[in-house]
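Turn these sequences into a full structure, and let the hints steer you where they fit.
Chains as they are written, first to last, in the working numbering: chain P, 117 to 253; chain R, 5 to 269.
Each hint should be verified, as a subset may be incorrect.
[To be verified] The calculated lysine-lysine pairs, modelled on BS3-like cross-linking and capped at a C-alpha distance of 25 Å, are:
{"no.": "1", "chain 1": "R", "residue 1": "K159", "chain 2": "P", "residue 2": "K206"}
{"no.": "2", "chain 1": "R", "residue 1": "K123", "chain 2": "P", "residue 2": "K212"}
{"no.": "3", "chain 1": "R", "residue 1": "K159", "chain 2": "P", "residue 2": "K162"}
{"no.": "4", "chain 1": "R", "residue 1": "K159", "chain 2": "P", "residue 2": "K240"}
{"no.": "5", "chain 1": "P", "residue 1": "K138", "chain 2": "R", "residue 2": "K159"}
{"no.": "6", "chain 1": "R", "residue 1": "K245", "chain 2": "R", "residue 2": "K123"}
{"no.": "7", "chain 1": "P", "residue 1": "K241", "chain 2": "R", "residue 2": "K159"}
What the hints contain is simulated information worked out from the structure, not anything from laboratory work.
One-letter residues, chain by chain:
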Amino acid sequence: MSYSDKVIDHYNNPRNVGSMDKSSNDVGTGLVGAPECGDVMKLQIKVNRETNVIEDAKFKTFGCGSAIASSSLATEWVKGKTVDEALAIKNMDIVKELSLPPVKIHCSVLAEDAIRAAIGDWKKKQGVHTPVAAEAK
Amino acid sequence: MTLARSKCEETEVTTKSPLTEIRSKPLPADTHTCWSCGSMRAAHFCDSCGKVQPPVPVDYFTFFGLPPKLKIDVPALEKSFYELSRKLHPDLNARAGSQEQEWSMEQSSLLNDAYRTLKDPIKRTAYLLHSEGVELEEQSKSATEQARATGEAKKQIVPPDLLEEVFELNMQLEELRMNKKAGEDDPSLAKEISGHKVTLEAKHDALLQELQKYWTDWDSLIERNHGSKAPAEERANITAKMVDVLNRRNYIRNLLRDVNAALES
Numbered sequence: 117m118s119y120s121d122k123v124i125d126h127y128n129n130p131r132n133v134g135s136m137d138k139s140s141n142d143v144g145t146g147l148v149g150a151p152e153c154g155d156v157m158k159l160q161i162k163v164n165r166e167t168n169v170i171e172d173a174k175f176k177t178f179g180c181g182s183a184i185a186s187s188s189l190a191t192e193w194v195k196g197k198t199v200d201e202a203l204a205i206k207n208m209d210i211v212k213e214l215s216l217p218p219v220k221i222h223c224s225v226l227a228e229d230a231i232r233a234a235i236g237d238w239k240k241k242q243g244v245h246t247p248v249a250a251e252a253k
Numbered sequence: 005m006t007l008a009r010s011k012c013e014e015t016e017v018t019t020k021s022p023l024t025e026i027r028s029k030p031l032p033a034d035t036h037t038c039w040s041c042g043s044m045r046a047a048h049f050c051d052s053c054g055k056v057q058p059p060v061p062v063d064y065f066t067f068f069g070l071p072p073k074l075k076i077d078v079p080a081l082e083k084s085f086y087e088l089s090r091k092l093h094p095d096l097n098a099r100a101g102s103q104e105q106e107w108s109m110e111q112s113s114l115l116n117d118a119y120r121t122l123k124d125p126i127k128r129t130a131y132l133l134h135s136e137g138v139e140l141e142e143q144s145k146s147a148t149e150q151a152r153a154t155g156e157a158k159k160q161i162v163p164p165d166l167l168e169e170v171f172e173l174n175m176q177l178e179e180l181r182m183n184k185k186a187g188e189d190d191p192s193l194a195k196e197i198s199g200h201k202v203t204l205e206a207k208h209d210a211l212l213q214e215l216q217k218y219w220t221d222w223d224s225l226i227e228r229n230h231g232s233k234a235p236a237e238e239r240a241n242i243t244a245k246m247v248d249v250l251n252r253r254n255y256i257r258n259l260l261r262d263v264n265a266a267l268e269s
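Given below as structure tokens:
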């Protein structure tokens with residue numbers, strides 16, 4: 117199997133690698149894993165409280181090239197979006213953008229899971245307990 | 005069988021075993037007639053004339069004449085493998101007709117796959133789960149779909165504290181690798197990671213023991229329902245527990261592999 121150019125680009129130059137203060141009230145953290153391959157992915161977002169816009173995003177992924185590329189792309193995409201817009205990102209969007217082969221689809225699922233987990237964590241901190249993705253359908 | 009009979013005459017010289025007397029005892033349901041000599045045959049080759057038979061699509065357990073149980077006598081399996089190899093190997097059937105050679109090739113490759121899968125405890129379990137219709141990827145996908153629909157964060161398949169542990173240890177491993185790359189030694193970090201290695205190995209062993217507990221559950225379920233299929237619900241109860249162990253083991257196995265690589269590099 118060979119990686120697409122876009123995957124290689126993200127793998128060689130991952131965007132937004134790093135971490136943010138987990139305890140900050142404006143930061144949402146999502147830690148997810150893919151049991152099929154044993155990969156782990158941490159994605160964090162910093163949200164503007166007034167506008168609900170994601171101002172910054174960081175990730176750290178231990179896994180294959182596709183998992184790294186998927187999470188790198190996810191951080192690029194969520195930045196500048198509102199939380200609700202970010203929830204509309206589907207794994208298949210990532211699959212298309214990165215031309216992931218079928219065996220690597222679960223990497224994109226992991227990235228989508230990470231976005232939702234990070235937003236879920238942030239919402240929890242804001243004291244919001246209502247479902248967050250009804251709009252994302 | 006008429007066509008086969010004529011072939012039998014052609015290749016008669018290569019037939020090693022003499023015709024044995026026709027068995028009078030009742031034959032098992034999966035016994036067929038040999039294409040070559042017309043005698044009743046065992047699954048893989050003819051008991052009478054020794055010729056390789058066309059492969060029948062069977063599961064790996066059935067291939068070895070075993071019930072679908074997880075506790076396997078591995079030395080006996082190995083013995084059975086070598087015995088069958090000797091009879092099915094294409095090299096030993098090189099002088100047979102082209103059709104028989106092809107069957108010999110197919111049977112041998114089936115034999116190798118079946119043996120490799122069944123002798124390994126993890127592969128054997130995964131194989132059983134697969135034949136029980138458990139798809140690990142599907143499980144994760146449906147959890148994601150459920151999360152989408154309800155708007156809740158996805159229910160993680162492994163416990164969060166395990167993910168946390170995996171993540172933290174990976175961070176340390178990265179640090180160790182980077183230090184080594186820069187030519188800096190950090191004995192205290194290496195020592196700490198060596199300590200983790202011991203813990204991980206113990207965890208890995210504990211998971212295997214847990215898995216064997218579910219093997220016992222599975223095997224006794226099969227025994228209780230001798231021959232007929234056990235109720236779906238009971239089967240699913242046990243397979244779900246095995247899936248859970250395999251999922252957690254995947255992380256531990258990867259960590260161990262990475263820890264060993266980082267310490268050795």
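Now the hints, each set against the structure:
Between R/K159 and P/K206 the CA atoms are separated by roughly 17 Å; this keeps the pair inside 25 Å, and the hint holds. Between R/K123 and P/K212 the CA atoms are separated by roughly 40 Å; this puts the pair beyond 25 Å, and the hint is violated. As the CA atoms of R/K159 and P/K162 are separated by approximately 23 Å, the hinted pair is consistent with the 25 Å bound. Between R/K159 and P/K240 the alpha-carbon distance is near 15 Å, which keeps this suggested pair within the 25 Å criterion.
Taken as a hint, the P/K138 and R/K159 pair is honoured in the structure, with Cα atoms around 20 Å apart against an allowance of 25 Å. For the hint linking R/K245 to R/K123, the alpha-carbon distance of about 21 Å falls within 25 Å, and the restraint holds. Between P/K241 and R/K159 the CA atoms are separated by roughly 19 Å; this keeps the pair inside 25 Å, and the hint holds.
Consistency note: the structure conflicts with earlier hint 2 alone.
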